[in-house]
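**Q** Take a look at the letters that make up each chain.
2 protein chains.
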Amino acid sequence: MLNNDDFNLLNTLFPAWQQLTTKQQQIISQNASLIQVKKNNFVHTTKEGCSGILIIKKGQLRVYTLSEQGKDITFYRLNDGDISILSASCVIKDITFDIYIEALTDCELIQILPCAFAKVMNENIYLEAITYKLATKRLCTVTWAMQQMMFTSFDKRLAEFLLNESNTTNSNEINMTHEQIAKLMGSAREVVTRMLKYFSTEGYVEITRGKVKIINKQALEKL
Amino acid sequence: MLNNDDFNLLNTLFPAWQQLTTKQQQIISQNASLIQVKKNNFVHTTKEGCSGILIIKKGQLRVYTLSEQGKDITFYRLNDGDISILSASCVIKDITFDIYIEALTDCELIQILPCAFAKVMNENIYLEAITYKLATKRLCTVTWAMQQMMFTSFDKRLAEFLLNESNTTNSNEINMTHEQIAKLMGSAREVVTRMLKYFSTEGYVEITRGKVKIINKQALEKL
Chain G
81 MLNNDDFNLL
91 NTLFPAWQQL
101 TTKQQQIISQ
111 NASLIQVKKN
121 NFVHTTKEGC
131 SGILIIKKGQ
141 LRVYTLSEQG
151 KDITFYRLND
161 GDISILSASC
171 VIKDITFDIY
181 IEALTDCELI
191 QILPCAFAKV
201 MNENIYLEAI
211 TYKLATKRLC
221 TVTWAMQQMM
231 FTSFDKRLAE
241 FLLNESNTTN
251 SNEINMTHEQ
261 IAKLMGSARE
271 VVTRMLKYFS
281 TEGYVEITRG
291 KVKIINKQAL
301 EKL
Chain S
81 MLNNDDFNLL
91 NTLFPAWQQL
101 TTKQQQIISQ
111 NASLIQVKKN
121 NFVHTTKEGC
131 SGILIIKKGQ
141 LRVYTLSEQG
151 KDITFYRLND
161 GDISILSASC
171 VIKDITFDIY
181 IEALTDCELI
191 QILPCAFAKV
201 MNENIYLEAI
211 TYKLATKRLC
221 TVTWAMQQMM
231 FTSFDKRLAE
241 FLLNESNTTN
251 SNEINMTHEQ
261 IAKLMGSARE
271 VVTRMLKYFS
281 TEGYVEITRG
291 KVKIINKQAL
301 EKL
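Top to bottom, those sequences are chains G and S.
Each position in the first sequence, counted from 1, maps to that position plus 80 in the numbering used here.
Each position in the second sequence, counted from 1, maps to that position plus 80 in the numbering used here.
A hint or two may mislead.
The list cannot tell twin chains apart, which means a pair is met if one copy fits it or any two copies do.
Keeping only pairs whose Cα atoms sit at most 25 angstroms apart, straight-line, the calculated DSS-like set for lysine-lysine is [what the hints assert, rightly or not]:
(1) K302 - K127
(2) K127 - K236
(3) K213 - K263
(4) K103 - K277
(5) K137 - K103
To be clear, the hints were calculated from the coordinates, so they are not data collected in a lab.
Kindly generate the complete structure, drawing on both the sequences and the hints.
**A** The structure is reproduced here in structure tokens:
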């Protein structure tokens, strides 16, 4: 059960909350609980089955896939207020591919049990529509990420990554180690370091300890 | 405009038709037309923009993606009665990845203009729910196909392809040339021929002109 503050969070973050009946709202809140996940721990793995719907109260999650050989592709990241839907493979039954979710920071999550969510979704067309709309959005991002990985050469991908980070944080400085960049890009540290050195020689970026500064944005965009 | 027969087809094939108002049904049918596409022609390419919703009256479509270098991945195929939803990138606005659709046979398609479809979908929650549910289903298949392509070795993929074809047609004989198999798998003829020869040496299949016969199903399943 949730405390009052967390119940109010459902009110603002749960999809289509206003379109649920009082009874349906009760079912959801009675089957919701606050969970804490420490940084670097798994929130969801395919092998452990369905983790239900997760609302991120605080923290950052990384959603990715992993091959048998350990190759790793980041699909997307989720932040405060976002909803994790692809973790609910028993609600969205077409999810047959492998998916992993890890905590990039210490996280507080509201977890809604899949059986309760599925029951209300089957009764309420508004919740059904918004759930599948969100799933479509996430899966389009997944498809785009996989296309990038398969088809785009690494210099382009790294440039896009740096420009994206710079846009998101509204700063030319990206406060990440090469190791962190490599992990988020599904690459190896050596590969990132090599390409960043190349970018630096070309005058695109400046590299200092744990930081990458964009000097020539236009050049990166042209890659 | 559609003739009476094709209008009746909408009645059975259009998603959530019974939940549309008479007015909404009129909007859809007034913006629907029957189009003929010859075998091997494009039905949709990313560059040409949004092709709307396509209902396959007759024929087979292949939905795939293509890299700048011409590498090709089959996402799925659509048959009589199926609905093509990922061709409507202006209805499902999150579709930002490249997608191509070609006719594998001569096709008859009912095309619904995207603006009309979007208008009705925005008014009608049932159509919205079923549209995003279908998009989710297709995108899960896309994700699965890309995972196979990236992570599974080719012998496994070819075995899965042959077993799938055999299941679909309910026959041990797959009536396709190596060229056709290669195209559908997003591979090259030489690679398919090489692997089929290997399968044949191992006693998994028998190869004759334009045909592959499965001899040892269990062995293929074990790969």
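**Q** For every hint, state whether the structure bears it out.
**A** Going through the hints against the structure:
1. K302 - K127: between (41 angstroms within a copy, 20 angstroms between copies)
2. K127 - K236: between (33 angstroms within a copy, 21 angstroms between copies)
3. K213 - K263: Answer is neither; intra-copy 29 angstroms and inter-copy 32 angstroms both fail.
4. K103 - K277: Intra 59 angstroms, inter 63 angstroms, cutoff 25 angstroms: neither.
5. K137 - K103: within (24 angstroms within a copy, 43 angstroms between copies)
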